[in-house]
Every structure is written in structure tokens, then in C-alpha cells.
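With chain R held as given, fit chain E onto it using these hints.
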Amino acid sequence: MTGASPQADESAWPLLPKERTWGAARLTLTLATTAAATWCYLIGESVGSYLGFIKGGLALGAGCMIGMVLVLLACGPACVRFGIDSIAATKPQFGSRGWVVPAALQAVSIIGWNSLLIIFFAKSAVQLCVTLGLLDLGWRNTALVPALTVIACAIIFLALRRGATGVSMVSNILVAHVFIGLWMLYLLVSRRWPELVAAQPPNASPDRLWNYTTGIELGIGATLSWWPYIGAMIRMAPSGRTIVLPVMLGMAAPVPLLSLIGLAGSLVLKSSDPTEWLRVVGGPAYAIVSLTFVTAANFGTTTAGIYASAIGLRNFAVLQKRTWTTLLLITIAPVALVGIFIPELFFAKFGNFLALIGVAFAPMCGVQIVDYFVLRRGRIDLRAIYVDAPGQAYYFWRGINPAAMIALAAGCITYIGLLNPLSYASAAAYRYLTASLPAAAAAGLVYFLGSLLVIRSGRGGYPRSLPGRLRQW
Amino acid sequence: MISGGFPIPMPKPIPAAPVADAASAPAPALPPPLPPELEARIEEFERAAPRPDFDGASWFWMMLLGIAIPLALLIVGWWA
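In order, the protein sequence lines correspond to chains R and E.
The first sequence begins at 753 in our numbering and counts up one residue at a time.
The second sequence begins at 143 in our numbering and counts up one residue at a time.
Since the hints were derived computationally from the structure, they do not count as laboratory data.
Quick caveat: nothing in here was measured; it's all calculated off a predicted structure.
Note that beta-carbon positions come from the ideal geometry of N, C-alpha and C, so glycine has one too.
It is possible that part of the hints are untrue.
Each pair of labels, with its calculated beta carbon distance range [stated by the list, open to error]:
(1) Trp-221(E) - Gln-1072(R): 49 to 59 Å
(2) Ala-906(R) - Ala-210(E): 44 to 54 Å
(3) Leu-934(R) - Ala-222(E): 15 to 25 Å
(4) Glu-188(E) - Ala-1181(R): 42 to 52 Å
(5) Ala-1141(R) - Trp-221(E): 55 to 65 Å
(6) Gly-1130(R) - Pro-178(E): 27 to 37 Å
(7) Glu-179(E) - Gly-775(R): 18 to 28 Å
(8) Arg-1129(R) - Glu-186(E): 15 to 25 Å
(9) Arg-1074(R) - Ala-182(E): 13 to 23 Å
(10) Ala-199(E) - Arg-1129(R): 17 to 27 Å
(11) Phe-1099(R) - Pro-178(E): 39 to 49 Å
(12) Ala-928(R) - Pro-177(E): 36 to 46 Å
(13) Ala-906(R) - Ala-191(E): 38 to 48 Å
Next comes chain R alone, as it looks inside the complex (with noise of 0.2 Å):
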């Protein structure tokens, strides 16, 4: 039992810390099965493309480890001291009607991913039964993507009725996947060892360096992708201490290391789909164990996925006297709807957009950080978080800082200029500072310098104590 009521857990409202029974080890086995899922095969594969697995594993492992850290400082000091989660979180600097833009980009990305790691559920579902001789090969089979969706759904809502007790449930349950996937790893490691290291990424530019940065860059992006899902999990945990190792660990660890599957079955064996490779490592068996990996990773993923999301949704008036079911039903809907309606297309198009998306938030970051650590020292008025009203500390000009907007604005400009997240096109700094990072700052910076004006004229509740100089600028 988290100990929470089942009000707290199931609302975006502050959790108290007696409340927040989730322990370092519940909390790694939680953040460990959101964090494993088939997008560390598109990872690996992405990275694969222009690195070997040497390298592209070390690169791979710093850069998530470097975004890690980043959505900690961001997300991590507000969620932990006041139970709150990521969107919550931005109001501070957002403003307490502009955290709808980072609202906004939390729903999309998880409802996007959910949706796509939900198909990927169901093809890898329908797979298995094929694999097990319990279904033909046949059209027939594409018919029931649809009907598996939406049982996922359904048990996904009905685990998520007991709230945050509902994901650590879940997560108890899938977290063996993990170490599967580790097998997985091992296997295809210690049979095909001479191959991997002496394999040719098919896609290496002639620069070094730029391959270098994009395998940091690609592990930086991912683990950013974090940001809309980490503070519904953090807020969990009662002290800041609980949650730097198994964020750092347990989040941020699986992802290169599960990752390394897609890198190798990409340079090896051309595919890196497991279910693909470990029948030909393996035989028919391993690769029922695989389908059943992937299967229970994406399962536990979309679960979490939807829980952070539902408590976003909170945030907003209109949802915050519903029941929990009426917000469960909205969140899982789309999904249940593209996995019913419009697989294959949504499956086609939508990851690109999904890219798109992902720009903001190394920006979010960016801007988080200044605001916390720089501008406010640490001092957040709780109070202003869910108050909307003139007057209020974030209240700003009609509950918007247009600082914040610009900051984010301006690192996305600055990340696409670097780099085209669809094309990879990149201007010349890219291979010396990667896009993500050069987005944060710049961001953090036009923050920092909005700010400036915003505290000039009295609004944004900024500590007396702190602007000393900067209140005489």
C-alpha cells in the first residue's frame, strides 16, 4: 500500500510526506520498468547508424546519463519537497495559466508514445500467439491489433484505478522483463562478440566527431523524453535523497544499457528487432522469451505513461472535480482510439512529430534550472502553484511569463538550428556541443535575462533576499 489516500495519489494536489512511503528500491523497480520499453531498440538502432558498439554503447550511456541529471535539476527540487508533479512544477515559471503550454506538450508526448508503444504491444501480442502456434499466419491477424489494444486499455485502466499503487503494482510484476532484456544482451554479446566489434555502421558520416556527438545527442534526447514522466513518480518518494540514486539507476541506466540489444542487432544482424535476431541466435524459443519481453515492456511503460498523464490533466480546472475513472477514461481514450482507427498510419507518421515534440524539452529544462537555483534560491510559494488569481506570486501578466515562453521559444530555435531532429542536417557547432545542451543554455539564458525585466516590475514572487544586484539593474 503507498499509504497515500487514495485522493492524494489520484489528484495533482500536494502530497504530504507521510504520504510518500515509496522507498529507493520501489521507486528504482518503477522508474526501471517505465524507463524499458521498444523505444531502446530504436535507440540503439538510431545509434548504430553511425557508431559501433563500442563506442556507440560509451556514448550512448554518457549522453543519458548527462539528460538524466538535467530533468533531475529541473523536475527533481519542486516534485520531491512538495509531492507535486512535473506540470505542477512548471508554474513558477510558466505562470499560473501559461503551464499550459508545458501541459500541452506532456499530453501530446505521452499519449503520442503511449499510442505507439501500445501498437507495438499488440503486434508483438499477436506475434507471440503466431509464434506459439496458437494463431495462423494470415490477414486475420492484422484485424486483431485493434481488439488487443484495446484489452491492453482496459487492464491498463483497471490497474490504474488504485493510483500510483496501481504503477508500482504493474511494475512489480514486469520488472523481470528487465533483466530478460539483459539476458538478451548477454547472449547476443557472448555469441557474436569477434562480429560486433569489427562491425561497419552503415551510416557513419566522415567526420568522427559528428558521429560521436549524435550518439551523445541521441542519448541526451531520450532520457530528456523523461521530463513529463518523472515527477508523477517522484513525488512518491518522501526526500531528495530517496530518489538521486534510483533516478540515476534506475532510469537512466536501463535505457543504454537495453539500448545496446538494438545497437547490436542493428550491426550484426541487421535488425534491431530481438524478435527478429534471437530466433536466428537462438531458435524458436528465445524468441517467444523476446516476444514476451517486449511484450510486458511496453505494457509497463504505457502504464506509467498514463497514470503521469492523467495527473497532468489534473491541473486543469474543468478535471480537477471529476472522479479518478472519468480521468482515466480521457487519458486512455486516444490511445484506445489510434490503436483502434489508425494503427498503421499513426505507426507511419507519427513518429516524426513525436521528434518534434521532443525538442522543448531541453528548454524546459534549461528554464527550470534558472528559475530554481538561480532566480528563486530554492523558494517556491506553494500556495501561488494553485492559485490562479490576480495579485498571486505566479500570477505574472494574466497568469502568463512571457519570459518563459520566449526562453522556450528561443531553445527550440536554437536546438533546430543546431540540428533538424528529422533530417539530422546540422550547422558546424553541433559536433562540439551537441543540440540539447546548446538548447538548455540558451534557454536558461533568455530566461534568466527575461527574468531580469519581470523582476523590475514586482511580479513573479522572486525572493527580496536575491536580487540585491539585480533588483537595482
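Chain E alone, transformed into the frame defined by chain R:
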């Protein structure tokens, strides 16, 4: 102090100020009341001592796992 049964002097009611013409001097709108459960939660945080975010050990692990080890991995990876 409330404990000990010490009689607490109640403040005298302040006579209401003459009400000005509402049209000429509109009073600032009060923020809408929060749900009682949320109000109680916020008050509990406001009463308690400020909660810390990260302690020294947390910063150590963050710097080690988020900066030092990634830098070492990058150096090793470049020469691999």
C-alpha cells in the same frame, strides 16, 4: 500560547469602514477559495519548516553519475 488554559484576549471587532461607491472604487477580487482538502495540505506545508531538496550526499551522487562518470565514459569511448 494556547496550552495551559491561559485566557486568550479576543481582539475587539474593528468597526466596518464606510463603504465607498462600489462603482468608483472596486475592491480587488479575492482569489477563489481552494478546496478544503487542498487548503489543509498547503497550510501543513506552510506551518512546517522548509523542506530541503537535495542534501550533500544527493549532490555527490548527481555530480558523480551525471557529470564525472559520463565524462570518463566519453573520454574512454573516444579513444576506443
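Here is what the structure says about each hint:
1. Checked against the given bound of 49 to 59 Å, the beta carbons of Trp-221(E) and Gln-1072(R), roughly 55 Å apart, stay inside it.
2. For the pair Ala-906(R) and Ala-210(E), the beta carbons lie near 46 Å from each other, so the given range of 44 to 54 Å is met.
3. Distance hint check: the CB atoms of Leu-934(R) and Ala-222(E) are about 21 Å apart, consistent with the given range 15 to 25 Å.
4. A C-beta distance of roughly 46 Å is found between Glu-188(E) and Ala-1181(R), which places it inside the suggested range of 42 to 52 Å.
5. Evaluation of the 55 to 65 Å hint for Ala-1141(R) and Trp-221(E) yields a pass: the beta carbon distance comes to about 58 Å.
6. Distance hint check: the CB atoms of Gly-1130(R) and Pro-178(E) are about 29 Å apart, consistent with the given range 27 to 37 Å.
7. As the Cβ distance of Glu-179(E) to Gly-775(R) is approximately 26 Å, the hint placing it in 18 to 28 Å holds.
8. In this structure the supplied range 15 to 25 Å holds for Arg-1129(R) paired with Glu-186(E), their Cβ-Cβ distance being about 23 Å.
9. Between Arg-1074(R) and Ala-182(E) the CB atoms are about 21 Å apart, so this pair conforms to the stated range of 13 to 23 Å.
10. Under the hint 17 to 27 Å, the C-beta atoms of Ala-199(E) and Arg-1129(R), about 21 Å apart, fit the expected range.
11. Judged by the Cβ atoms, the range 39 to 49 Å given for Phe-1099(R) and Pro-178(E) holds: they are separated by roughly 46 Å.
12. Judged by the Cβ atoms, the range 36 to 46 Å given for Ala-928(R) and Pro-177(E) holds: they are separated by roughly 41 Å.
13. At about 45 Å, the CB distance of Ala-906(R) to Ala-191(E) agrees with the hint of 38 to 48 Å.
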